[in-house]
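Colleague: Turn these sequences into a full structure, and let the hints steer you where they fit.
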Amino acid sequence: MPERVGRGVSLQFVFATYLAQVAEVEVSKDGAVRVRRVVCAVDCGTVVNPDTVQAQIQSAIVFGITAALHGEITLKDGRVEQSNFHDYQMLRMNETPAIEVYIVNSAEPPGGMGEAGTSAIVPAVTNAIFAATGKRLRKPPVDTAALKQSV
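Under the numbering used here, the first residue of the sequence shown carries the number 2, and numbering increases by one thereafter.
Please note that a few of the clues may not be correct.
Unchecked claim - Simulated pairs of lysine to aspartate or glutamate, DMTMM-like, Cα-Cα distance not exceeding 20 Å:
{"#": "1", "residue 1": "LYS30", "residue 2": "ASP144"}
{"#": "2", "residue 1": "LYS149", "residue 2": "GLU4"}
{"#": "3", "residue 1": "LYS136", "residue 2": "GLU27"}
{"#": "4", "residue 1": "LYS30", "residue 2": "GLU4"}
{"#": "5", "residue 1": "LYS140", "residue 2": "GLU73"}
{"#": "6", "residue 1": "LYS149", "residue 2": "GLU27"}
{"#": "7", "residue 1": "LYS77", "residue 2": "ASP88"}
{"#": "8", "residue 1": "LYS149", "residue 2": "ASP31"}
{"#": "9", "residue 1": "LYS30", "residue 2": "GLU96"}
{"#": "10", "residue 1": "LYS140", "residue 2": "GLU27"}
{"#": "11", "residue 1": "LYS136", "residue 2": "GLU4"}
{"#": "12", "residue 1": "LYS136", "residue 2": "ASP31"}
What the hints assert, rightly or not - Estimated spans, in silico, between C-beta atoms of each pair:
{"#": "13", "residue 1": "GLU82", "residue 2": "ASN106", "range": "42 to 52 Å"}
{"#": "14", "residue 1": "ASP144", "residue 2": "VAL10", "range": "17 to 27 Å"}
{"#": "15", "residue 1": "GLU4", "residue 2": "GLY79", "range": "40 to 50 Å"}
{"#": "16", "residue 1": "VAL10", "residue 2": "MET94", "range": "23 to 33 Å"}
{"#": "17", "residue 1": "ASN106", "residue 2": "VAL81", "range": "34 to 44 Å"}
{"#": "18", "residue 1": "ALA33", "residue 2": "SER84", "range": "24 to 34 Å"}
{"#": "19", "residue 1": "THR145", "residue 2": "GLY46", "range": "32 to 42 Å"}
{"#": "20", "residue 1": "GLY115", "residue 2": "VAL10", "range": "16 to 26 Å"}
{"#": "21", "residue 1": "ALA99", "residue 2": "PHE131", "range": "19 to 29 Å"}
{"#": "22", "residue 1": "LEU76", "residue 2": "VAL105", "range": "34 to 44 Å"}
{"#": "23", "residue 1": "ASP144", "residue 2": "ASP88", "range": "14 to 24 Å"}
{"#": "24", "residue 1": "THR145", "residue 2": "LEU76", "range": "19 to 29 Å"}
{"#": "25", "residue 1": "ASP31", "residue 2": "VAL81", "range": "22 to 32 Å"}
Think of the hints as simulated: they come from the structure by calculation, not from any bench. Cβ coordinates follow ideal geometry from the N, Cα and C atoms, glycine included.
Modeller: Dropping the structure here:
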């Protein structure tokens, strides 16, 4: 891997679904993180519509990367300050990585789909950041200041 590029892995079993994700990230010298590629394998039992499973995983990955990189919720006077997407930054189309989804052919009963992809991507991204920088981040959203490279 090039300097300041790393891959991270995440595995989980939730809602009777097995899911593995590998995220490839690049961390710039100013600490900005870009997720370049995500590969996901999912075994959710019998699949009725594979296109729906793929779409669910893709959207869950985008939502999870949003949480990992931008998902800070702040409170003021006991109230959440963010009220909608105008003041809560979502991952933009130009920030969205290439996403590959591989569905395991299975005869098991159908499992859950949707949320599984969201929770698995955050540890994959932070593990990739660790591989790229040697810095372990344990609290989302990603602290870009902690990832700045000393000049």
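Colleague: All the hints need checking, so say for each whether the structure fits it.
Modeller: We went through each hint and held it up to the structure:
Under the criterion of a C-alpha separation no larger than 20 Å, the hint pairing LYS30 with ASP144 is consistent with the structure, at around 13 Å. In summary, the hint linking LYS149 to GLU4 is supported, as the alpha carbons are separated by about 14 Å, within the 20 Å threshold. Our distance criterion of 20 Å between C-alpha atoms is met by LYS136 and GLU27, whose separation comes to about 13 Å. Distance restraint check for LYS30 and GLU4: the Cα-Cα separation of roughly 10 Å lies within the 20 Å cut-off, and the hinted pair is therefore satisfied.
Pair hint LYS140 plus GLU73 holds up; C-alpha atoms about 10 Å apart against a cutoff of 20 Å. For the hint linking LYS149 to GLU27, the alpha-carbon distance of about 12 Å falls within 20 Å, and the restraint holds. Only pairs whose Cα atoms come within 20 Å are accepted, and LYS77 paired with ASP88 is accepted, the gap being roughly 14 Å. The suggested pairing of LYS149 with ASP31 holds, with an alpha-carbon distance near 5 Å, which does not exceed 20 Å.
At most 20 Å may separate the alpha-carbon atoms for a hinted pair to count; LYS30 and GLU96 meet this at roughly 18 Å. Proximity of LYS140 to GLU27 is assessed by CA-CA distance (about 19 Å); at most 20 Å being required, the pair is judged to hold. A hinted pair counts as satisfied when its Cα atoms are at most 20 Å apart, and LYS136 with GLU4 qualifies at roughly 14 Å. Distance hint between LYS136 and ASP31 is fulfilled; the C-alpha atoms sit about 14 Å from each other, no more than 20 Å.
The given range of 42 to 52 Å is respected by GLU82 and ASN106, whose C-beta atoms sit roughly 46 Å from each other. Take ASP144 and VAL10: their Cβ atoms lie about 22 Å apart, and the range 17 to 27 Å holds. Between GLU4 and GLY79 the C-beta distance comes to about 45 Å, which sits within the given range of 40 to 50 Å. The hint said 23 to 33 Å for the Cβ distance between VAL10 and MET94, and at roughly 26 Å that hint holds.
Our hint of 34 to 44 Å for ASN106 and VAL81 holds, since their Cβ atoms are close to 43 Å apart. As the Cβ distance of ALA33 to SER84 is approximately 26 Å, the hint placing it in 24 to 34 Å holds. Judged by the Cβ atoms, the range 32 to 42 Å given for THR145 and GLY46 holds: they are separated by roughly 39 Å. Range check, GLY115 to VAL10: about 21 Å between beta-carbon atoms, so the 16 to 26 Å window is met.
Between ALA99 and PHE131 the beta carbons are some 21 Å apart, a value that agrees with the proposed interval 19 to 29 Å. Our hint of 34 to 44 Å for LEU76 and VAL105 holds, since their Cβ atoms are close to 42 Å apart. Range check, ASP144 to ASP88: Cβ separation about 20 Å, and the 14 to 24 Å hint holds. Here the CB-CB span from THR145 to LEU76 is close to 22 Å, well matched to the stated 19 to 29 Å.
A hinted range of 22 to 32 Å holds for the C-beta pair ASP31 and VAL81, which are about 29 Å apart.
Violation of the numbered hints given earlier is absent; every hint is satisfied by the structure.
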